[in-house]
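Q: Listed below, chain by chain, are the residues.
There are 2 protein chains.
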Amino acid sequence: MADVSVNLGSSSYHIIIEQHCLDQLDQILHQLKFSGKMLIVSDEHVGSIYGEKIASSLLSAGYHAELFLVQPGEKTKSLKVADQVFTKAITMGLDRKSAIIALGGGVVGDLAGFIAATYLRGIPFIQVPTSLLAQVDSSVGGKVAVNHELGKNLIGAFYQPKVVLIDLNTLTTLPERELYTGLAEVIKYGLIADSGFLQYLNQHTEEVLNRNPSALSYLIQRSCEIKARVVEQDERESSLRMILNFGHTIAHAIEANAGYGKYNHGEAVAIGMHGAALISYYLGLCRQDVPETVRKVLANYRLPLTFSHCCIDEMMDLLIRDKKTIGGKVHWVLLTAIGETTICNHVPDELVYKVLSELKES
Amino acid sequence: MADVSVNLGSSSYHIIIEQHCLDQLDQILHQLKFSGKMLIVSDEHVGSIYGEKIASSLLSAGYHAELFLVQPGEKTKSLKVADQVFTKAITMGLDRKSAIIALGGGVVGDLAGFIAATYLRGIPFIQVPTSLLAQVDSSVGGKVAVNHELGKNLIGAFYQPKVVLIDLNTLTTLPERELYTGLAEVIKYGLIADSGFLQYLNQHTEEVLNRNPSALSYLIQRSCEIKARVVEQDERESSLRMILNFGHTIAHAIEANAGYGKYNHGEAVAIGMHGAALISYYLGLCRQDVPETVRKVLANYRLPLTFSHCCIDEMMDLLIRDKKTIGGKVHWVLLTAIGETTICNHVPDELVYKVLSELKES
Numbered sequence: 148m149a150d151v152s153v154n155l156g157s158s159s160y161h162i163i164i165e166q167h168c169l170d171q172l173d174q175i176l177h178q179l180k181f182s183g184k185m186l187i188v189s190d191e192h193v194g195s196i197y198g199e200k201i202a203s204s205l206l207s208a209g210y211h212a213e214l215f216l217v218q219p220g221e222k223t224k225s226l227k228v229a230d231q232v233f234t235k236a237i238t239m240g241l242d243r244k245s246a247i248i249a250l251g252g253g254v255v256g257d258l259a260g261f262i263a264a265t266y267l268r269g270i271p272f273i274q275v276p277t278s279l280l281a282q283v284d285s286s287v288g289g290k291v292a293v294n295h296e297l298g299k300n301l302i303g304a305f306y307q308p309k310v311v312l313i314d315l316n317t318l319t320t321l322p323e324r325e326l327y328t329g330l331a332e333v334i335k336y337g338l339i340a341d342s343g344f345l346q347y348l349n350q351h352t353e354e355v356l357n358r359n360p361s362a363l364s365y366l367i368q369r370s371c372e373i374k375a376r377v378v379e380q381d382e383r384e385s386s387l388r389m390i391l392n393f394g395h396t397i398a399h400a401i402e403a404n405a406g407y408g409k410y411n412h413g414e415a416v417a418i419g420m421h422g423a424a425l426i427s428y429y430l431g432l433c434r435q436d437v438p439e440t441v442r443k444v445l446a447n448y449r450l451p452l453t454f455s456h457c458c459i460d461e462m463m464d465l466l467i468r469d470k471k472t473i474g475g476k477v478h479w480v481l482l483t484a485i486g487e488t489t490i491c492n493h494v495p496d497e498l499v500y501k502v503l504s505e506l507k508e509s
Numbered sequence: 148m149a150d151v152s153v154n155l156g157s158s159s160y161h162i163i164i165e166q167h168c169l170d171q172l173d174q175i176l177h178q179l180k181f182s183g184k185m186l187i188v189s190d191e192h193v194g195s196i197y198g199e200k201i202a203s204s205l206l207s208a209g210y211h212a213e214l215f216l217v218q219p220g221e222k223t224k225s226l227k228v229a230d231q232v233f234t235k236a237i238t239m240g241l242d243r244k245s246a247i248i249a250l251g252g253g254v255v256g257d258l259a260g261f262i263a264a265t266y267l268r269g270i271p272f273i274q275v276p277t278s279l280l281a282q283v284d285s286s287v288g289g290k291v292a293v294n295h296e297l298g299k300n301l302i303g304a305f306y307q308p309k310v311v312l313i314d315l316n317t318l319t320t321l322p323e324r325e326l327y328t329g330l331a332e333v334i335k336y337g338l339i340a341d342s343g344f345l346q347y348l349n350q351h352t353e354e355v356l357n358r359n360p361s362a363l364s365y366l367i368q369r370s371c372e373i374k375a376r377v378v379e380q381d382e383r384e385s386s387l388r389m390i391l392n393f394g395h396t397i398a399h400a401i402e403a404n405a406g407y408g409k410y411n412h413g414e415a416v417a418i419g420m421h422g423a424a425l426i427s428y429y430l431g432l433c434r435q436d437v438p439e440t441v442r443k444v445l446a447n448y449r450l451p452l453t454f455s456h457c458c459i460d461e462m463m464d465l466l467i468r469d470k471k472t473i474g475g476k477v478h479w480v481l482l483t484a485i486g487e488t489t490i491c492n493h494v495p496d497e498l499v500y501k502v503l504s505e506l507k508e509s
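Protein sequence lines, in the order shown, are assigned to chains Z and D.
Counting from 1, position 230 in the first sequence corresponds to residue 377 in our numbering; the numbering is continuous, with no gaps.
Counting from 1, position 291 in the second sequence corresponds to residue 438 in our numbering; the numbering is continuous, with no gaps.
These are calculated hints, taken from the structure and not from any lab test.
Using N, Cα and C, we set each Cβ at its ideal position, and we do this for glycine too.
Worth double-checking, as some hints may not be accurate.
Interface residues of chain D toward chain Z, partial, derived using beta-carbon atoms under 10 Å [as the list claims (entries may be wrong)]:
#	residue
1	230
2	237
3	268
4	269
5	318
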């Protein structure tokens with residue numbers, strides 16, 4: 148078992164990483180002194196595998212637990228679906244001592260977290276991420292949100308869970324492409340913060356891709372640690388936390404322009420990290436071996452380096468409307484070396500255009 | 148000019164109370180180092196009086212300010228209207244350095260605060276309350292919310308403004324009944340926390356009802372101070388803050404049962420405070436002169452002591468569903484003396500029924 152603590156004063160919590168911790172959910176909740184009602188929010192895929200089992204184990208442990216299933220997919224992150232979950236919460240009588248449990252991937256975590264953050268002005272929230280992407284990224288750090296029809300994640304909060312439970316067992320049934328998308332974020336942590344971790348990833352590619360439990364446990368733990376240390380210093384993303392957006396500026400433009408779903412998040416981030424590394428090199432911020440190292444690790448992990456389904460002119464427009472812009476400037480996270488970043492808000496448009504052209508398959 | 152500070156660590160802010168501070172809004176915002184875009188949310192009543200004037204003064208001071216008007220009334224506090232404001236915020240390009248300005252009464256403050264708390268996971272928020280009720284109650288303390296069709300204020304956050312600007316001048320045009328409803332909350336502060344302040348209110352009834360500016364300034368300041376001191380000790384309403392709900396348990400049942408709008412909030416709170424004082428006396432918690440004092444001050448301020456449009460059996464049902472219940476118990480705020488409270492969660496149903504019967508006009 149691994150345990151990563153996230154130290155945020157009165158909002159501190161632990162991330163527990165274990166092989167079969169879902170089987171002990173009731174005991175863990177008892178140890179954490181949870182009582183009362185629990186609303187488990189899940190999607191129809193994950194919920195059909197684990198939902199009923201968890202609900203009935205909580206029921207037999209004396210909790211009043213109910214399960215609410217949503218459709219899988221990004222469209223579920225809407226105020227409309229949130230309203231349905233609120234209705235469920237009210238009719239089952241959830242109060243401020245009750246908890247919302249998010250059982251699933253990033254969509255479920257973001258939606259359920261938004262409910263927990265805003266229902267009765269905030270009730271306890273428990274994250275049980277079941278995809279690698281959610282385990283290493285969205286379940287850590289307290290960003291919760293729903294989408295607006297004009298953009299992703301525009302409505303939300305910074306709201307920390309009381310505990311994050313990561314059951315490695317949930318990764319055994321994860322589709323391959325979902326594994327790779329999570330690994331893109333894992334690689335990101337190495338690139339922005341820990342060259343030794345990147346080396347580990349390069350040296351243990353086979354174990355990781357074969358889902359060796361101890362390799363997965365280690366990379367989840369290290370990813371959560373890196374993210375936790377960043378979030379501890381800048382919970383509300385006023386400065387340092389921006390480095391977690393490495394690769395995401397171009398990624399958001401790819402996702403939006405190709406249509407959400409064409410590239411999944413990790414694939415878009417992989418291409419975006421490649422692009423950011425190229426920009427870093429062309430600006431003279433790093434040596435040529437930095438983009439080469441980025442290309443090598445991404446290729447090892449079956450992740451794309453280039454895109455084909457996007458229009459560069461439209462992407463340029465999208466980049467300017469990126470919600471991370473402040474006062475109209477895009478804040479680029481760039482590399483000065485493997486494991487070291489800098490923020491740059493004056494990347495010339497021409498250079499961005501040039502790099503996007505290189506990223507586009509001819 | 149009076150200035151009340153609300154000390155909440157990194158979320159601290161000032162409440163500025165002044166005769167014509169709206170005319171200096173642009174200077175105040177400059178002093179507070181606000182820059183960039185401003186979305187002013189107001190309703191069609193208040194907005195038609197002050198909205199355009201403020202928007203154009205901000206524009207000429209160099210801000211990009213736009214006005215968004217909502218319908219007056221409780222129905223505006225919905226996710227549906229919130230979604231419209233989000234659309235406005237996105238299309239005008241509000242970013243994390245922009246601000247939302249709530250110009251109006253409690254409905255506008257609660258809605259705009261919910262937008263500010265959740266748009267891009269939180270952007271700066273400025274309260275410009277224009278009703279006495281909002282000035283002494285809803286604009287202070289950071290409670291923001293919208294309603295769900297199954298209940299009021301069920302979706303929201305604790306989100307503090309950056310500054311509260313109270314222009315006494317806005318009270319000159321306030322309808323009489325709106326003045327009285329605010330005074331109910333003012334009286335509440337005396338009853339729960341400061342017998343000297345209650346004495347002031349009894350001795351200066353005429354000045355207050357004649358809207359003497361220095362009397363209004365003092366009572367707003369004292370009300371804000373009392374609320375601020377409570378909120379500082381318990382921002383998230385886990386214990387002490389509950390005393391601010393004095394009178395509100397019965398009030399919520401009156402409002403819900405009579406239909407929202409039949410009694411306004413202050414009227415319902417007045418009747419509720421009378422009821423809570425009676426319960427306190429019948430439980431032996433205070434002397435008989437406590438409910439007498441409550442009746443006297445409420446009557447002086449033209450506030451009702453009894454109701455006629457409610458069904459007691461239905462109210463009893465509502466009381467049990469009150470959202471302040473935790474683990475199924477109603478937390479009653481009761482008086483042990485004028486200016487002193489206690490929380491009691493075991494008031495017998497029969498006593499509640501008896502008191503509601505006394506409050507009902509035959």
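Q: Does the closest beta carbon of chain Z sit nearer than 10 Å to the beta carbon of residue 269(D)?
A: With a minimum Cβ separation of about 7 Å from chain Z (threshold 10 Å), the hint on residue 269(D) holds.
Q: How about residue 230(D): closest beta carbon in chain Z under 10 Å, or not?
A: holds (6 Å)
Q: Report holds or violated for the interface hint on residue 318(D), using the least CB-CB distance to chain Z and a cut-off of 10 Å.
A: Since chain Z brings no Cβ nearer than about 29 Å to residue 318(D), farther than 10 Å, the hint is violated.
Q: Hint check: is the beta carbon of residue 268(D) less than 10 Å from a beta carbon of chain Z?
A: holds (5 Å)
Q: Answer holds if the nearest beta-carbon of chain Z is closer than 10 Å to that of residue 237(D); otherwise answer violated.
A: Holds - the Cβ of residue 237(D) comes within 10 Å of chain Z, reaching about 5 Å at its closest.
Checked against the numbered hints listed earlier, the structure breaks hint 5 alone; every other hint is satisfied.
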